[in-house]
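J.: For the sequence shown, the residue numbers in the UniProt record's numbering are 1 to 111.
Keep in mind that the hints were calculated from the coordinates and are not lab data. Every value quoted in this text rests on a predicted model; they were computed, and no experiment measured them. From the three backbone atoms N, C-alpha and C, an ideal C-beta is built for every residue, glycine too. Any given hint could turn out to be false.
To be verified - Calculated lysine to any residue pairs in the SDA-like style (CA-CA distance at most 25 Å, straight line):
id, residue 1, residue 2
1, Lys-77, Lys-94
2, Lys-94, Asp-59
3, Lys-86, Ile-69
4, Lys-93, Val-61
5, Lys-94, Leu-71
6, Lys-93, Asp-38
7, Lys-101, Thr-15
8, Lys-93, Asp-64
Said to hold, decoys possible - With beta-carbon atoms standing in for the labels, derived distance ranges:
id, residue 1, residue 2, range
9, Ala-63, Glu-84, 17 to 25 Å
10, Pro-30, Gly-67, 25 to 33 Å
11, Pro-51, Arg-81, 31 to 39 Å
12, Asp-38, Thr-107, 14 to 22 Å
13, Met-1, Thr-87, 15 to 23 Å
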Amino acid sequence: MAFVVTDNCILCKYTDCVAVCPADAFYEGPNFLVISPDDCIDCDLCPVECPADAIYQEDEVPADQQGFIELNAELSKHWPRITEVKTPLNQAKKWDGVTNKIQYLETQSDE
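Build the full structure now, drawing on both the sequences and the hints.
T.: Here you go:
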């Protein structure tokens, strides 16, 4: 079973979780991170490091966040792997804790 990044990561994109991942299972989009279920080894290190409390064990994802299970699996196939800590997005503190941010999810970069 894998871990899943959920709604609260959108527009925050803290990368503390990336630093502790021994499987390099994180992938980076423009304003969100995802975990590949194929790469995740279920080590339980990343949820503790996430300052936004946005990472859950797959079988513990809240009911209103269930869509993020498939979203992580799909987007991890298209986004580049991230293995190093980066600065959070500029407005991360403002957006941390705001609910229902899925409408702001950017799936493709402008490049």
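J.: If a hint holds in the structure, say so; if it doesn't, say that too.
T.: Taking the hints in turn, this is what the structure says about them:
For the suggested pair Lys-77 and Lys-94, the alpha carbons sit about 29 Å apart, so the restraint of at most 25 Å is broken. Annotation: proposed proximity of Lys-94 to Asp-59 is violated, straight-line Cα distance about 29 Å (limit 25 Å). As the CA atoms of Lys-86 and Ile-69 are separated by approximately 24 Å, the hinted pair is consistent with the 25 Å bound. Proposed proximity of Lys-93 and Val-61 is supported: the alpha carbons are some 23 Å apart, at most 25 Å.
Simply put, Lys-94 and Leu-71 have alpha-carbon atoms about 24 Å apart, close enough for the 25 Å limit, and the pair holds. Pair hint Lys-93 plus Asp-38 does not hold up; C-alpha atoms about 31 Å apart against a cutoff of 25 Å. A hinted pair counts as satisfied when its Cα atoms are at most 25 Å apart, and Lys-101 with Thr-15 qualifies at roughly 18 Å. In summary, the hint linking Lys-93 to Asp-64 is supported, as the alpha carbons are separated by about 23 Å, within the 25 Å threshold.
Evaluation of the 17 to 25 Å hint for Ala-63 and Glu-84 yields a failure: the beta carbon distance comes to about 34 Å. Checked against the hint of 25 to 33 Å, the pair Pro-30 and Gly-67 fails, with Cβ atoms roughly 19 Å apart. Against the hinted window of 31 to 39 Å, the Cβ-Cβ separation of Pro-51 and Arg-81 comes to about 21 Å, which falls outside the hint. Between Asp-38 and Thr-107 the CB atoms are about 19 Å apart, so this pair conforms to the stated range of 14 to 22 Å.
Range check, Met-1 to Thr-87: Cβ separation about 31 Å, and the 15 to 23 Å hint is violated.
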